[in-house]
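Protein chains in written order, with the numbering used here: chain C, 1 to 354; chain V, 1 to 306; chain Z, 1 to 403.
Keep in mind that the hints are not guaranteed to be accurate.
Unchecked claim - From the structure, some residues in chain V lie toward chain C, with a derived Cβ separation under 10 Å:
no.: 1; residue: V191
no.: 2; residue: D279
no.: 3; residue: A280
I should point out that these hints are in silico values taken from the structure, not numbers from a laboratory.
The beta carbon of each residue, even a glycine, is placed where N, CA and C say it ideally should be.
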Amino acid sequence: MQSPALPVPEAPSLVPPALRGILPLLIAIPTLALFHWSLTGSDFATYLLSVVGVNIILAVSLNIVNGMTGQFSIGHAGFMAVGAYIAGYTSLQLKEVALSFLPVSASDQVLFMLALLVGGVAAALCGFLVGLPSLRLRGDYLAIVTLGFGEIIRVFVQNTDAFGRALGLSGIPQYSSPGMVYFWVFLVVLAARRLAGSSHGRSLWAIREDEVAAEAMGVDTTGYKVRAFVFSSFFAGIAGGLFAHFVPIINPGSFTFVRSMEIVVMVVLGGLGSTTGAVVAAIFLTLLPEGMRSLFGALGTEGSLAQRVDQIRMPIYGLLLVVLMLSRPQGLFGTKELWDVLPRWLPRKRRGLA
Amino acid sequence: MAQLLQHLINGLAAGTIYALVALGYTMVYGVLKLINFAHGDVMMVGVYMGYATAFAIGREARGSFLGIAAVFAVAMLGCALFGFLIERFAYRPLREKPRLTALITAIGISFALSYGFQLDIGFLPGASPRAFPEIIEPTEWLIIGDRDVVVWNWQVISFLIAVGLMVGLQYLVFGTRFGRAMRAVSWDHRVAALMGIPTDRVIALTFMLSSGLAAGAGLLYAIKDTSVSPLMGLYVGLKAFVAAVIGGIGHVPGAVVGALVLGLVEEFVVGYAASTWRDAVAFGFLILVLLVKPGGLFGRVAAEKV
Amino acid sequence: MRRLAPMLLAALAVMAAACEKKTQPTPSGEAGTQAVQGQSGSAASGTPAAGSDTILLGQVGALTGGQATFGISTRNGIELALKEANAAGGVNGKKLAIRVYDNQSKPEEAAQAATRLITQDKVVLILGDVASSNSLAMAEKAQAAGVPMITPSSTNTTVTEKGDYIFRVCFIDPFQGFVMAKFAREDLKLSKVAVLQDNKSAYSIDLSGVFTRKFTEMGGKVVTTESYSQGDTDYRAQLTAIKKTQPDGIYVPGYYSEVGVIARQAREVGLKVPLMGGDGWDSEKLFELGGSAITGSYFSNHYSPDNPDPRVQKFIADYKAAYGAVPDALAALGYDAARVAVESLKRAKDLSGPSVRDAIAQTKDFPGVAGTVTLDDKRNAVKSAVVLKVGDGKTQYVTTISP
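If we strip away everything but chain C, and leave its shape as in the complex, we get (with noise of 0.2 Å):
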């Protein structure tokens, strides 16, 4: 006998269903351009949020492959290497351009976005030709090809002219501000968790539980991890966009290996799997070695231990990942996201029967 479908009572919810996509954003503009307008006059805060920014994006965005498709990619900065080349050679050639129609301030942002996005594909399309090999191989393969990648960018780099070879590229039009960063960290941060909570999504972390049952369940394992791979790269791209507006010169030097590390760091310290983990340490990690050097000013020891910050901040990094790995191998939020974590005091929103 079948029983009738009981009605299921949905929860009150003051959004009207036709603004529900859309609502993030609609929020997210105005909070950022209000953001940027407190900011204007503060050089040092603007520089260092920008730095958080770009971090963010690399951090959310790796945590996108070795997070929620479990596979092991340390070269993320050079594809931020490629979108910084890219989108800064762009705003380069189109320096002296401006649309007619829009005043010229407003046409340097359109144009700037234009750059960033030239620079996101580019890096994209890099993702797509490094991984498609290398994720048909075992695991362990992506981790040297990667690494790799980093290495023969930097060469690529070093031997053109056109990218200023070991001097740099300068004179890349510092169109950058906080609310522009801060809007392709709300736009990465928010495709994360659309990706996470999707069936794509879905695909994505059975792979990285147990690849092979995966593939017997139907997933195109490779497919998913190409996709992803590309997806990833596109955001590192745009960080890397994003940073070459808003430093003075880029230069091989800023997209080593050490940095792919930082944001591997970032990644395992937030939680493999959590955009909320990821966010929280690129912020605690970039954040720390300023508030260190406070700290030492201010306590007068500026001497030694405040020049030695970076240099001592690097072998404990190291120290750091082991640590982790041999106590708390989930990092911070292991694979919740925020909400997982806050109170239950909080009202939340249920489904389903009472």
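Given the coordinates of chain C, assemble chains V and Z onto it according to the supplied hints.
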């Protein structure tokens, strides 16, 4: 023609050293299915141990046969111990965990070592490159033409030591009981344990062996290139790893072949073609090989059984 | 509840860093008069506020990494100069202090450190860096904020082109390349030279380019140009290729960390010809790494410890007493840069950006230990270079070449 010969000698010299390091990678991978990223940095630690020893025994003693033996012995044994400690405290607890965890740990150790040694606090040497003290008095042993091709005594000695170590390893792996135990563990460590093989001990000894070999290779490298710096482990380690992968990771003779091939390819590309692309050669070659033969030259892409 | 600890830590870190994020508008041009709390030795930029009696300078340098001796030498030279200046009464009664940041040889760190010095520490003047990429990054920030910057040893032409607030007290690479080309052609009478450049260093590539052009103009021939990467240790492939071209000399405009070993391996493959280079060779480590192989080679530099001038000898003696080593060119240039800064601060109407800038621009015939400093209209120092020969554990002065 003379230039070709000289390039050949240079390439082989570099290749044999890569081979020793690559053997270490391959052995550990075979036994633990782990790519020990820290291998190159363990080698670096061994080199600094040798450096300290060479200074400690003084200029007179270090040139003698006993002196050289002492430097090698201290470095190799010290490094073996170091490798044992790493395995015991960092890798063993993670043996049943997913592979990614151990890989991340390995990278963490590599990072901690190569950047830790760049500090100059306490016994840590600091970032500046140093000159490895001369322990073999260089004399020319073979000159062809008007110095068209020069072969030095230490090059020959180096080559002999490397070959000796490789032959020793070959004998160990294929001719002794311990070697058989190693191969059994690399085949299936659970079944090996059921058969009564003390897997923990075998793995620990394998690690010690690979670290000791790495130290020996590092010393030969320091003799060849004089300059030692904390980052040398990363450079050499990476090239050797590429060599091991080219040969087919887990395959012992493959590692040697891969390393020699890589050494020669690097030398010839830099010598005859553009030297500006030197760093990209190793990786470019790797990607080429992987595209054509995904398991490496000798490896088999084994189907994963569940 | 367990999550609270890490979240608290994260919040604390954010707050610790947020302590600095005071949204004080930084006017470009004129510096504000507000003092910064919690920082020792806080400075007042702009018209001296009552109660502040220290003038704060900033330095950004590469204090760690493979060429750490460069950054450290520069810092030592600057420190010595400031100590002397303070002992002599400071600037108009005020003492001088310096805040130093490490930039790890990364331009974005250099820019961040410079921004920090300008907006948080409110320095009056910035000194630094050695590597031109980093100086370029800093120069952009300094120029935009209207804070004068003096680089002691960045030799790339583009650094001072960033704007009128940027100065240098050393010669530039086009001159340096010319110096060695002239020496090779006229003094050593070489006709065929091979070049071995560091592909990872813009400095090396620039010098090699200039040398090739000038040497060819003077009638010589550059038979081949090979490259290596900073950090490599095996140069035999390139040297064997060079040997085939049978040059009379090899120009190696790289850093001491590689040049020493290059010399050894050159001798090993059978190249007996002299090596030549630039100021990147100047470090005590060169002798250790090069051994006897590098003896008899030449390099262009900013100053020579053999210089009998009593001023130079006094500097060397003071430096040795303070730091236990013979100062290299970078220490000397750091010393000169700091002294030029101090003199300019004394001459300046007040401590605002434009006044200090104008005072520095007027530097003429300043008696430095690394040569007499006169700044031309491009804000570069018009100076001679010396050519040094590498001896046994020390350098020997050979000749001076003037522009």
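Evaluated hints:
1. For V191/V, the shortest C-beta to C-beta distance to chain C is roughly 20 Å, which exceeds 10 Å, and the interface hint is violated.
2. For D279/V, the interface hint holds, the least distance from its beta-carbon to any beta-carbon of chain C being 5 Å, beneath 10 Å.
3. Contact between A280/V and chain C, as hinted, is supported at the beta carbon level, the nearest pair being about 4 Å apart and thus within 10 Å.
Figure legend: structure checked against the earlier numbered hints; the only hint not met is number 1.
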